Amino acid sequence: MSGNIPMTPSGLRKLKEELKQLQTVERGKISREIEVARAHGDLRENAEYHAAKEKQGHIEGRILDLNDWIARAEVIDTSKLKGDVVVFGATVVLLDPDTDKTVTYRIVGELEADIKKRWLAVTSPVARALIGKRVGDVALVRSPGGEREFEIQDIRFEDPQDDESAPAP
Numbered sequence: 001m002s003g004n005i006p007m008t009p010s011g012l013r014k015l016k017e018e019l020k021q022l023q024t025v026e027r028g029k030i031s032r033e034i035e036v037a038r039a040h041g042d043l044r045e046n047a048e049y050h051a052a053k054e055k056q057g058h059i060e061g062r063i064l065d066l067n068d069w070i071a072r073a074e075v076i077d078t079s080k081l082k083g084d085v086v087v088f089g090a091t092v093v094l095l096d097p098d099t100d101k102t103v104t105y106r107i108v109g110e111l112e113a114d115i116k117k118r119w120l121a122v123t124s125p126v127a128r129a130l131i132g133k134r135v136g137d138v139a140l141v142r143s144p145g146g147e148r149e150f151e152i153q154d155i156r157f158e159d160p161q162d163d164e165s166a167p168a169p
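Using the working numbering, the first residue of the sequence shown is number 1, and each one after it goes up by one.
It is worth saying that the hints were derived from the structure and are not from the lab.
Just so we're clear, the structure is a prediction, and the values are computed from it rather than from any experiment.
We treat Cβ as the ideally placed atom computed from N, Cα and C, and that holds for glycine.
Warning: the hint list may mix true and false statements.
Computed Cβ-Cβ distance ranges for the label pairs, DEER-style [claimed, not checked]: (1) K117 to R72: 47 to 57 Å; (2) E18 to E149: 30 to 40 Å; (3) K116 to R148: 16 to 26 Å; (4) L140 to D68: 33 to 43 Å; (5) H58 to L140: 38 to 48 Å; (6) N67 to G145: 33 to 43 Å.
Based on the sequences and whatever the hints tell you, model everything.
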């Protein structure tokens, strides 16, 4: 990723919490693991030492990624959004005319996407098909599984305090 990274306030907060956890807890824990493994002697054949060093590398890499993402975060406060057009941060209720079932998705940044919560990355095929549409419009979603149509039933902008829970189906 390059350039700014759109995200919700809760998305930025979660990145900062993870960064703090890695820097204040995990770094110290892995340093102690390395010390214990080093005390076991010959480092060339010490699997415990090599595993701890590898884990340390993963932690440091994640810290670098988090710092980069936080620095490039473009926070979009969804509580200030309103209107009748699907944009970043919108919660959209869709009707699948083939099955006559409704599904609710929230459009969020790539780093916040979570299909279990029905939060779609703004760059996903479904989100891209929805952006700019209004209630009553039909969105044509092109995906590897073929084309599907969804009718937009409702568009809402939920309070950021709702970020912790999945939107109601």
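Quick rundown of the hints versus the structure:
1. K117 and R72 have their C-beta atoms about 23 Å apart, which leaves the hinted 47 to 57 Å range violated.
2. E18 and E149 have their C-beta atoms about 38 Å apart, which keeps the hinted 30 to 40 Å range intact.
3. Range check, K116 to R148: about 21 Å between beta-carbon atoms, so the 16 to 26 Å window is met.
4. Judged by the Cβ atoms, the range 33 to 43 Å given for L140 and D68 holds: they are separated by roughly 35 Å.
5. Checked against the given bound of 38 to 48 Å, the beta carbons of H58 and L140, roughly 41 Å apart, stay inside it.
6. Against the hinted window of 33 to 43 Å, the Cβ-Cβ separation of N67 and G145 comes to about 37 Å, which satisfies the hint.
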